[in-house]
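The opening residue of the sequence shown carries number 0 in numbering that gives the first Met the number 0; numbering runs sequentially from there.
Among the hints, a few may not be true.
Stated by the list, open to error - Computed Cβ-Cβ distance ranges for the label pairs, DEER-style:
no.: 1; residue 1: 460; residue 2: 260; range: 41 to 47 Å
no.: 2; residue 1: 254; residue 2: 408; range: 25 to 31 Å
no.: 3; residue 1: 449; residue 2: 254; range: 37 to 43 Å
no.: 4; residue 1: 458; residue 2: 408; range: 20 to 26 Å
no.: 5; residue 1: 452; residue 2: 147; range: 43 to 49 Å
no.: 6; residue 1: 144; residue 2: 232; range: 26 to 32 Å
no.: 7; residue 1: 384; residue 2: 246; range: 29 to 35 Å
no.: 8; residue 1: 144; residue 2: 389; range: 45 to 51 Å
no.: 9; residue 1: 103; residue 2: 298; range: 31 to 37 Å
no.: 10; residue 1: 307; residue 2: 361; range: 28 to 34 Å
no.: 11; residue 1: 158; residue 2: 260; range: 50 to 56 Å
no.: 12; residue 1: 158; residue 2: 458; range: 42 to 48 Å
Quick caveat, the hints were computed from the structure, so don't treat them as lab data. Just so you know, even glycine gets a beta-carbon here, dropped at the ideal spot from N, CA and C.
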Amino acid sequence: MSITRFAVPLLAAAALLPVVPAVAAADEVAWQLCATVAKGWDPGDRRTECALVPVPLDYADPGGPKIDIAVSRIRATGERTGAVLLNPGGPGQSGLDMPRSIADSHAGGIGVHHDLVGFDPRGVGYSADIPCTADVQDPGVPDKAKAREAAERAARANWRCVATHPEFVRNLTTPTIARDLDRIRVALGEDKIGYYGVSWGTALGAQYRTLFDDHVDKMLLDSVMPPDLNVTAMDDGQATAGENTFHDFASWIARYDVVYRFGTTEPAVAKALLDLRAERSDVNGMLANPRREWAGLARQLAQLRDGGPISPESAKQPGRLGWDGEPHAFNHFQQTALLCNESPSPRDFETVWQHRLDRMKRLPVAGGYGLYEQLCVGWPLPARPWALAAGKSPLQLVGHAFEPVTPIGWALAMRQRIGGELMTIEDDVHGSLSSLTCANAAVTFFDTGRTTSESCPGAPIPAP
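Please model the entire structure based on the sequences and the hints provided.
Now the structure itself:
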């Protein structure tokens with residue numbers, strides 16, 4: 000039996016699911032300090048309150064079994080005008096602590112006139128889930144036989160997870176979680192809600208706006224997903240952005256040839272780095288990384304070229320791309336289920352492997368970093384693609400000019416599909432708006448509804 004960390008039984012077999020009212024009224028939500036009810040919560044946090052909101056397991060059967068969604072909030076510090084719901088992305092990432100992270104950030108002014116509300120999507124953290132652990136594959140396995148074995152092992156693990164509770168897994172979709180979001184709105188007693196989503200949270204916001212535009216006050220989406228979910232195209236887009244990052248990195252190194260001695264032009268440096276990779280496999284994960292890491296990586300690459308050892312810091316550099324890093328309370332199976340339930344990508348290993356080989360030919364540096372397409376090998380449930388549409392509620396999109404996680408082209412495509420104004424941040428940092436001084440544009444937006452198409456400088460590239 001799966002239980003929340005509030006110690007409330009949530010989900011085992013369908014017959015054991017508790018029957019509770021379909022929608023909780025605002026005055027029925029039992030708010031308590033998270034520190035007193037949530038196991039492992041920071042005992043010093045006296046601001047964040049937690050509650051459980053019941054929702055249907057399957058919205059096609061609203062009178063059927065219910066599950067609980069864990070919700071958190073920090074109350075407005077000034078004259079309250081509404082609530083802003085928050086989601087940090089993933090999918091698979093906990094959002095219960097996001098009110099605190101936003102309150103303590105450059106975007107904290109949003110919380111002067113708005114309650115900041117976080118939640119764990121179904122299948123994550125303190126919300127209802129099933130006892131299941133995904134078999135996470137290494138996307139960089141170069142041997143086909145070993146890669147096939149890993150994919151088939153992961154597929155068997157996924158089948159076991161689906162068989163544990165197929166109805167729960169089948170309802171791990173973005174539209175379902177958007178409907179959970181609306182049940183939270185009702186439980187808060189709000190006719191309209193604001194929303195601030197990052198990464199996959201932008202897709203959730205766009206889906207909510209598609210379904211419930213009349214209940215959107217204002218919506219801000221940072222590091223924007225594409226308007227159509229296809230993990231094959233996403234791997235291609237991320238790898239292409241990673242390849243561009245490599246060439247930008249080579250150009251940066253060329254500017255400092257007196258320091259690193261790899262060459263004075265981008266082509267010369269790129270060739271030198273690829274030659275070094277051919278000699279040492281440990282270089283592979285050091286070539287398409289964030290700009291803030293360039294100085295340290297260039298120093299390490301120069302040391303490796305000169306015969307020195309790789310440092311522990313460089314050994315930790317990631318060798319693959321992804322929408323989000325792996326935080327505490329990250330659920331890999333929930334991520335796999337959402338992506339594969341909604342992506343019309345191939346399910347057979349041979350096609351996925353060939354896509355990887357083709358990508359590596361086109362993109363010799365980052366082509367092997369693809370992560371998401373292989374997750375769906377052997378996925379047993381049919382895909383139900385997104386169907387996002389434009390709305391009328393105020394919408395602010397935020398894109399990052401150089402980031403490889405959610406490339407800027409995705410934000411442009413999303414704007415074309417659903418509308419809104421696009422603010423561009425001149426950095427490569429995923430979801431960085433709240434950490435920058437230009438987050439005051441987000442505060443202004445939620446207070447006044449005024450959008451912007453201006454650019455923001457972002458964090459500078461460190462010098463050698």
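Evaluation of the provided hints:
Distance hint check for residue 460 and residue 260: the Cβ-Cβ separation is about 19 Å, which falls outside the suggested range of 41 to 47 Å. The beta-carbon spacing between residue 254 and residue 408, approximately 26 Å, falls within the hinted interval of 25 to 31 Å. Taking the beta carbon of each, residue 449 and residue 254 are about 39 Å apart, inside 37 to 43 Å as hinted. Between residue 458 and residue 408 the CB atoms are about 22 Å apart, so this pair conforms to the stated range of 20 to 26 Å.
Separation of residue 452 from residue 147 is about 47 Å and conforms to the stated range, judged on CB atoms against 43 to 49 Å. Between residue 144 and residue 232 the C-beta distance comes to about 27 Å, which sits within the given range of 26 to 32 Å. For residue 384 paired with residue 246, a C-beta distance near 33 Å keeps the hint of 29 to 35 Å intact. Between residue 144 and residue 389 the beta carbon distance is about 47 Å. The supplied range of 45 to 51 Å therefore holds.
Checked against the hint of 31 to 37 Å, the pair residue 103 and residue 298 passes, with Cβ atoms roughly 32 Å apart. With their beta carbons about 33 Å apart, residue 307 and residue 361 fall inside the hinted range of 28 to 34 Å. A C-beta distance of roughly 53 Å is found between residue 158 and residue 260, which places it inside the suggested range of 50 to 56 Å. Between residue 158 and residue 458, the C-beta spacing of about 44 Å keeps the proposed range 42 to 48 Å intact.
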